[in-house]
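First to last, the protein sequences are chains A and B.
For the first sequence, our numbering assigns the number 1 to the initial residue and increments by one for each residue that follows.
For the second sequence, our numbering assigns the number 1 to the initial residue and increments by one for each residue that follows.
Simulated DEER-style distance windows between Cβ atoms:
| no. | chain 1 | residue 1 | chain 2 | residue 2 | range |
| --- | --- | --- | --- | --- | --- |
| 1 | B | Leu133 | A | His115 | 12 to 22 Å |
| 2 | B | Lys33 | A | Phe144 | 19 to 29 Å |
| 3 | A | Arg29 | B | Lys63 | 36 to 46 Å |
| 4 | B | Tyr130 | A | Ile43 | 16 to 26 Å |
These aren't lab readings, by the way, just hints derived from the structure by calculation.
Built from N, CA and C at the ideal position, the CB exists for glycine as well.
One letter stands for each residue in the lines below.
Number of protein chains: 2
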Amino acid sequence: MDVLKNVITSFVPMSDEEYNLMLPIIERREVLKDTDLLQQGEICRHIYFIESGFFRMFYVDYKGNEINCRFAKPDDFLVDFASFITQRTAQYYCRAMEDSKVIALEYEQVENLYHSSPNWSKFGRLIAEYAYLIIIEREEMLHFQTPEERYKTILKKEPYLFQMVSQNQLSSYIGIKPESLSRLRKRMIGK
Amino acid sequence: MDVLKNVITSFVPMSDEEYNLMLPIIERREVLKDTDLLQQGEICRHIYFIESGFFRMFYVDYKGNEINCRFAKPDDFLVDFASFITQRTAQYYCRAMEDSKVIALEYEQVENLYHSSPNWSKFGRLIAEYAYLIIIEREEMLHFQTPEERYKTILKKEPYLFQMVSQNQLSSYIGIKPESLSRLRKRMIGK
Numbered sequence: 001m002d003v004l005k006n007v008i009t010s011f012v013p014m015s016d017e018e019y020n021l022m023l024p025i026i027e028r029r030e031v032l033k034d035t036d037l038l039q040q041g042e043i044c045r046h047i048y049f050i051e052s053g054f055f056r057m058f059y060v061d062y063k064g065n066e067i068n069c070r071f072a073k074p075d076d077f078l079v080d081f082a083s084f085i086t087q088r089t090a091q092y093y094c095r096a097m098e099d100s101k102v103i104a105l106e107y108e109q110v111e112n113l114y115h116s117s118p119n120w121s122k123f124g125r126l127i128a129e130y131a132y133l134i135i136i137e138r139e140e141m142l143h144f145q146t147p148e149e150r151y152k153t154i155l156k157k158e159p160y161l162f163q164m165v166s167q168n169q170l171s172s173y174i175g176i177k178p179e180s181l182s183r184l185r186k187r188m189i190g191k
Numbered sequence: 001m002d003v004l005k006n007v008i009t010s011f012v013p014m015s016d017e018e019y020n021l022m023l024p025i026i027e028r029r030e031v032l033k034d035t036d037l038l039q040q041g042e043i044c045r046h047i048y049f050i051e052s053g054f055f056r057m058f059y060v061d062y063k064g065n066e067i068n069c070r071f072a073k074p075d076d077f078l079v080d081f082a083s084f085i086t087q088r089t090a091q092y093y094c095r096a097m098e099d100s101k102v103i104a105l106e107y108e109q110v111e112n113l114y115h116s117s118p119n120w121s122k123f124g125r126l127i128a129e130y131a132y133l134i135i136i137e138r139e140e141m142l143h144f145q146t147p148e149e150r151y152k153t154i155l156k157k158e159p160y161l162f163q164m165v166s167q168n169q170l171s172s173y174i175g176i177k178p179e180s181l182s183r184l185r186k187r188m189i190g191k
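Just need the whole structure built from these sequences, with the hints factored in.
Below you can see the structure in the form of structure tokens.
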């Protein structure tokens with residue numbers, strides 16, 4: 001619990017009393033490896049906060065390719081944010097890559113929480129801005145960086161991915177073909 | 001002025017008194033055709049609201065290609081949202097495609113406005129969520145739709161683009177090569 005409190009109050013400092021307004025809406029879930037918290041076509045009814053475990057978020061593009069767009073680890077939030085805020089069907093899958101524990105916060109209860117105090121209202125803005133930054137960060141990596149630069153970026157920002165994720169899974173995240181990642185990796189290690 | 005008020009109160013209904021808290025921070029600007037409200041490398045210090053005219057937002061990718069990611073018309077907001085909320089350098093250009101008039105709202109004054117009342121705080125959240133939806137909408141079009149489906153999507157949602165924007169400008173927005181758009185267009189018109 002303290003971890004979630006630390007993360008939330010790092011967005012917006014608030015009193016214990018104000019933070020505690022959230023406690024009644026906390027719902028804990030265990031998610032077994034290879035099961036989905038969310039599937040394409042469902043409505044994303046919760047924001048999840050990962051207490052333990054590891055998830056990948058992916059979509060299937062119009063060519064049928066499975067593309068990983070995010071990996072989420074303990075202390076991260078996980079949500080199809082567009083589906084959550086509009087309560088329309090999700091385009092993404094959120095799949096546990098190992099047995100995991102999450103806190104689930106339900107849409108209407110979160111909306112009510114945002115109206116419960118000025119700091120929770122501010123948190124609603126900052127989490128939306130944060131969701132924006134997360135998505136734009138990967139988009140900009142794909143747009144502005146060469147494959148080699150992307151590899152270095154991931155190595156610097158998310159080094160654990162190289163241990164936790166297969167080369168095949170990683171390649172779509174970095175936006176290159178598996179065989180190119182393999183060549184790139186050999187070249188980088190050789191440097 | 002009434003137009004901006006209509007747009008803002010369509011996000012969050014509020015009293016005249018509350019809305020008027022914004023009036024002191026409104027700054028009007030005229031932007032001549034082919035000039036930039038924002039360039040890559042600058043910090044995006046303002047959210048703009050377009051009163052008249054037309055803008056394109058684009059970036060230059062790592063291969064040197066100019067990619068249009070958004071077109072903005074009267075009553076639209078225009079901003080490099082990531083640069084605005086972080087006050088870090090922008091990756092995008094916002095260029096007037098005709099003589100235009102905009103309202104500019106400055107970063108710190110907007111932040112203060114968000115703290116001035118519960119409805120302005122809520123507006124801050126909803127505009128961030130809206131910025132998220134705008135960016136994800138184009139991304140999802142590129143990920144999930146075939147070139148032909150994208151063409152139909154734009155024809156339905158932004159039909160004026162086919163009059164206002166050259167085929168060359170439009171093709172990068174739709175995520176296809178100019179020659180493919182030309183072929184696609186002929187095929188669609190022939191149907």
